[in-house]
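Residue numbers (my numbering), protein chains in the order written: chain A, 22 to 519; chain B, 281 to 452; chain C, 1021 to 1507; chain D, 12 to 115.
Since the hints were made in silico from the structure, they are not lab data.
Ideal placement from N, C-alpha and C gives every residue a C-beta, glycine not left out.
Treat the hints with caution; some may be incorrect.
Derived lysine to aspartate or glutamate pairs resembling EDC-like cross-links, with alpha carbons at most 16 angstroms apart [unchecked claim]:
id	chain 1	residue 1	chain 2	residue 2
1	A	K217	A	D229
2	A	K78	A	D504
3	A	K136	C	D1464
4	C	K1397	A	E42
5	A	K83	A	D229
6	D	K103	C	E1433
7	A	K136	A	E42
8	D	K103	C	D1464
9	C	K1397	C	E1318
10	A	K217	C	E1433
Here are some of the chain A residues that sit facing chain C, going by a computed Cβ distance under 10 angstroms [to be verified]:
id	residue
11	F44
12	L48
13	W51
14	H91
15	D95
16	F140
17	L166
18	E169
19	A191
20	L207
21	M209
22	T211
23	V319
24	Y320
These are the residues of each chain, in order.
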Amino acid sequence: MELLNLLIILFIGGAAAWVGEHFSKGLSRWISLLFIAVAAVSLLEMLSNIPAPTFLKDPITKDPTTWLIHGRADWIPRFGISFELALDGLSLLLVVLTLFLGAVSVIASWDEIDKHQGFFQANIMWTLTGVIGVFIALDLILFFLFWEVMLVPMYLLIAIWGHEDKAKAAMKFFIFTQVSGLLMLLAMITLAIFVKDANGYWSFSYFDLLDNNLTSSLATFIMLGFFIGFTVKLPGFPFHTWLPDAHTQAPTAGSVILAGILLKTGAYGLIRFTVPLFPEASIAFAPIAILLGASGVVYGAILAFGQTDFKRLVAYSSVSHMGFVLLGVFAWNALAIQGAVMQLVAHGLSTAALFMIAGALQHRLHTRDLQKMGGLWQSMPRMGALAMFFIAASLGLPGMGNFIAEFLVLAGLFQVYPWLAVVSSAGLITGAIYSLKLIQESFQGAPDDTLTPPDFSALAMSAMIAMLIGLIVLGIFPQLVLDISQPVINALTSEITL
Amino acid sequence: MTLALFYIAGAIALAATGIALTRVNAIHALIYLVVSLLAVAFIFFLLGAPFAAVLEIVIYAGAIMVLFVFVIMMLNLGNRGTVVEQEMMNPSVWIIPSLLCLILLIELSLSIASLKSETNPIVVSAKEIGISLFGPYVLAVEIASMLLLAGLVAANHIGRRLSKMDQEKDEG
Amino acid sequence: MTGTDFLALSPIIALAVGASVLLLQIAFLRNLKLTTGITVVTFLACLFFLFYITKLNHQTTPLLLVDPLSTFFSIVFVLCACITTFISYEYLKNRPGRNDEFFLLVVLATMGSIVLTYATHLASFILGLELMGIALYGLIAYPHQDDMSLEAAIKYLVLSGASSAALLFGFALLYAITGSLFFPDLLSGLASPEVAVGPQSPFWARQLILLGSALILAGISFKLSLAPFHMWTPDVYEGSPAPITGFLATISKGAVFAATLRLYVIGEFHNFPTIVTGLTILSIISILVGNLLALRQENIKRLLAYSSIAHFGYLLIALIAAGTLTPNGISAIEPSAYYLAGYIFTTLIATGLIAAISSSNNEENANLSDIAGLFWKNPLLALCLSVSLLSLAGIPLTAGFIGKLYIFQMGVEAGAWLLLSILIIGSGIGIYYYLRLIFSMTTDPSSSRSTLAPALPVTVSLITLTILVLYLGIYPQPLMEYLLWNT
Amino acid sequence: MNPLIIPLSHVLMLAALLFTAGLLGLLIRRNVIFILMSLEVMLNAAALAFVGASAHWGQTDGQIILLLILTIAAAEVAVGLGLVLQIQRRFKTLDLDVVSRMRG
């Protein structure tokens, strides 16, 4: 149960940050950073206790002892609900990403948030707690708990510190996720009841539920419950409508967390739960899911092109990029899933960076409207260069993580649905167009002398540089990430074949 | 003979109730209501429940109705409000509730008509009632006393005139 | 009456003694502090006896059955009554006029709720209902210089009286058929109508039983304010003094539901498909009407009134599902008891806070604007209210979630997919107005109203309730086991 | 006099008629005093049904319920008439529609 420490540290960090506000105004930000660092150290310490070969060995999905870390304690024995946490390569990648982007979001909020700083930091920390909980919980109800609980601080982040239309955007975000979450809960309980009837005892443990012998029609319905729950969060077409509003209205740190990590929980759920729990139903459903994914890729890209709002444009580009994840998961071969996982990490970094730039611009110019920008390179060369880099990364320029990811997905997809792979690659082309539009309208063009905003601070620069290095490393040495997730993906694809 | 008496008493009870609830003047209505209650008391007597009949007269027709009379006298209503009440006799007001009640009544009558009418020639005396009242029902008596206490306290508080101070604050 | 009888009745006796002492005290010496003190001591004594008899299972005369489940409910009610007392003291201490009888009525109403919970006989059922009802008429109309409270009281009195009459008439019809008023014996006659009813027309005879049950159901639906019998609820909640709104929403409704639960299970009403269909319709309408009408409310009391209509709609799902799951419907007890306990604690936090706000503003009602900025003015209370609202919305870590989990489990096992989908739609709508309340707490206050700083006992009570709600949400196992083993 | 020549169904029928009459009065009348009277009629109808059934079964229970109904009716009327007094003082009318101001 050492994984629990991770959650406890972050949770206490949030409380401490809130209390810290009363002692000194800027203290809570430092407290957040400190506790994220402590969590990272404790994670490293846990990992250092695991013998190195374990990382390379393929785990057996149904056998928790072959996972990197696994712990379980009874929680509500009445319904067989346990406090079960486990970590494998996939979770590990996402947990590390969460901690990293968590630190980035604290830095992103450094100058932006003036009002109620302590409570702001507390909400960031609690969101991180929830997200990490989602990545490591292996009991379905516990998973659902984290899934729902992270919504509350996220809601507050948007509702309290957001922009013009914050109340509506926050509400939309919450209701979409909550209602789809209830569908998922219904599916979880139905699944558990059927397994209970077969086994004779209640259990919500992932490892127990993997052995379900559901009839195909029932499995399809339950699978749909999970699928909708995760796709709303991803967000996949046509459930994406909450995302542009939430991203646009959220404060910078909120957007960073939303785009960088929260969306990844949906993708993680698809890989971890939807397909392995219901392999047959997923096979049958795969064509539709892939069609949805392809529509998402194209539709997101087209809509992104039409936007004049910096954040909204990036938000729609996220819809497009997450479509690739859906494609990767439901193509279900090692290549495609690897691509999807890679996309999670790369998209997390590049989009987080873009939102940070958008936030910085809004903080300085008080607008997100691209038409009111232009020529900003002049006054902010550092930011301009970074923006150029991350936009290039996001459009999938070779040499950076996103390219590798999308290439892998398309290559994997081509083996299964060649013509859909061709359609989806159209998304790449439109991606290039809107990305160029973005950089052109904001940083290039004739400089406006009335706008002389200050450039990035040193602290923000360090965060940006870290993300930049991350993306380049992903692009040039993708094996570093691939090696961590490869055993898990091998295990999944060998045990479950579509 | 008994049956005939029952029908007569029942008809009186119904008619009196009907008249009572359609009156405009509250005192008139009350007198009809007392008639109705007396008729019901008579039916109790016919049913072999003399104790119930006496209670009905003493408490219902006596005490409770007198309470009504008392309050109506205190209010000194006169003919005020008559105009408003007249509007209530307008068909648009009573047609839908009447239909609903009619449906309920038809349902009830059809179902009640199906009951087997066994006879059972036992007159339940006051003594028997007293025995079971202080046997299995002893707690009911105790709880009823608390209920009356609650009624007493509540009525006493609600019915009290406002103190001078409150009234002044109210008018001012 | 044996010694065990007296032991079983000790909580009620404690309240009766307390009421008598209060009566004497008010007659000789009017002092609000002393009255509050005696009331609290009475409740604590009652709680002590209740905890002492948690294991007792004893039929005391045909009227009352003291069993662990009802004792559990009684503990919840008395605890809430005790907290209501603290809140009421805050509310009353600055009000003109004679305020002492208030607590006497609170004690009597609480006694009514306990009698109702223990009732296994029509006599005790109706007496408990009316004892609570009559004390509540007095409490609702207590500030009778207030127009709204008079309006609320007369509406409540008329509708409650009418529903009692319907309930009694329904029982009279059943009594005519089965010849018994004792709940366990209602069963024998009801399950096989041919036994007691004449042979002429079995169809109409069955109709008569259904009609009687329907009248009982209608009467109970009024008291539980299930749609379409809910019209009175928002008005009465709005017009009542704030602590009494809490009492109405928690103890009063809870006790009626507890008694109904027993009647439903012991009387085996689920054997009648028509009744189950009726309950299903009531449940669906309540969930939809309650949630939809709550959307427009600015007044928090009215909002809670509509939300409570929806919540009792959710609760009915357990009753409906239980009939198909077990032959005697007993599986309804555990989920609904858990849900109810969670709901009561949760709602009492919200109403308690409204009472605290209206005491500090010297106004009967609290609107959304009155809680603006609460997060920054009094974070602790804002946190309590947030927990309460999230629990009402069914977010995990709160009692409301475990309740919803139970309802889902029952619904799935019984295959009640229609009800479950309505439940999901209802919860989705519900989130909207609960979040709206939370959002108002985070906005900057528009007017500079006096800061909310309730007295220590009130704050402590609200925090205790919040901890209870969280405890029930985080560590539900002990209560689950208690309910499971004792039913 | 043989008391039980009266069929139970007829007694119940009378009770049902009285009950519906009371219900109708409750639904139509707006004057608070008349509404309280309708309530009394409904309660009395229930009492009649109980006494009739009690005679049918030869039990005391029904009559005891009558006693309880009397108690309840008395207490309810006492509180109700107290409210009537206050309403007349405050609103100068007994029309329930005029008293009803809360909406929504």
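Here's how the hints hold up against the structure:
Proximity of K217 (chain A) to D229 (chain A) is assessed by CA-CA distance (about 10 angstroms); at most 16 angstroms being required, the pair is judged to hold. Annotation: proposed proximity of K78 (chain A) to D504 (chain A) holds, straight-line Cα distance about 10 angstroms (limit 16 angstroms). Of the pairs offered as hints, the one joining K136 (chain A) and D1464 (chain C) holds, with about 11 angstroms between alpha carbons and a cut-off of 16 angstroms not exceeded. With a C-alpha separation of about 15 angstroms, the suggested pairing of K1397 (chain C) with E42 (chain A) holds against the 16 angstroms cut-off.
At roughly 8 angstroms between alpha-carbon atoms, K83 (chain A) and D229 (chain A) fall within 16 angstroms of each other, so this suggested pair holds. Restraint check for K103 (chain D) and E1433 (chain C): not satisfied, since their Cα atoms lie roughly 58 angstroms apart, outside the 16 angstroms limit. Between K136 (chain A) and E42 (chain A), the direct Cα distance comes to roughly 11 angstroms. Compliance with the 16 angstroms bound is thereby established for this hinted pair. Between the alpha carbons of K103 (chain D) and D1464 (chain C) the distance comes to roughly 43 angstroms, so the proposed pair goes past 16 angstroms and is violated.
Proposed proximity of K1397 (chain C) and E1318 (chain C) is contradicted: the alpha carbons are some 21 angstroms apart, above 16 angstroms. Restraint check for K217 (chain A) and E1433 (chain C): satisfied, since their Cα atoms lie roughly 11 angstroms apart, inside the 16 angstroms limit. For F44 (chain A), the interface hint is violated, since its Cβ never comes within 10 angstroms of a Cβ in chain C; the closest pair sits about 16 angstroms apart. Interface hint status for L48 (chain A): violated, as the beta-carbon distance to the closest one in chain C is roughly 17 angstroms, over 10 angstroms.
A least Cβ separation of about 21 angstroms between W51 (chain A) and chain C goes past the 10 angstroms threshold, and the interface hint is therefore violated. The restraint placing H91 (chain A) at the interface with chain C is violated, with a minimum CB-CB distance near 22 angstroms, outside the 10 angstroms limit. Of the supplied interface hints, the one on D95 (chain A) holds, with its beta-carbon coming within about 8 angstroms of a beta-carbon of chain C, less than 10 angstroms. With its C-beta approaching chain C no nearer than about 7 angstroms, F140 (chain A) sits inside the 10 angstroms limit, and its interface hint holds.
Hint status for L166 (chain A) relative to chain C: holds, with the closest Cβ pair at about 4 angstroms, below 10 angstroms. Interface restraint check: E169 (chain A) against chain C, minimum CB-CB distance 5 angstroms, threshold 10 angstroms, status holds. This hint holds: A191 (chain A) has a C-beta 7 angstroms from the nearest C-beta of chain C, less than the 10 angstroms allowed. At about 6 angstroms, the closest approach between the beta carbon of L207 (chain A) and any beta carbon in chain C falls short of 10 angstroms, and the interface hint on this residue holds.
With its C-beta approaching chain C no nearer than about 9 angstroms, M209 (chain A) sits inside the 10 angstroms limit, and its interface hint holds. Interface restraint check: T211 (chain A) against chain C, minimum CB-CB distance 5 angstroms, threshold 10 angstroms, status holds. The interface hint given for V319 (chain A) is broken, as the beta carbon of that residue sits about 30 angstroms from the closest beta carbon of chain C, more than 10 angstroms. Because the smallest distance between the Cβ of Y320 (chain A) and any Cβ of chain C comes to about 25 angstroms, over 10 angstroms, the interface hint for this residue is violated.
Checked against the numbered hints above, the structure violates hints 6, 8, 9, 11, 12, 13, 14, 23, 24; every other hint is satisfied.
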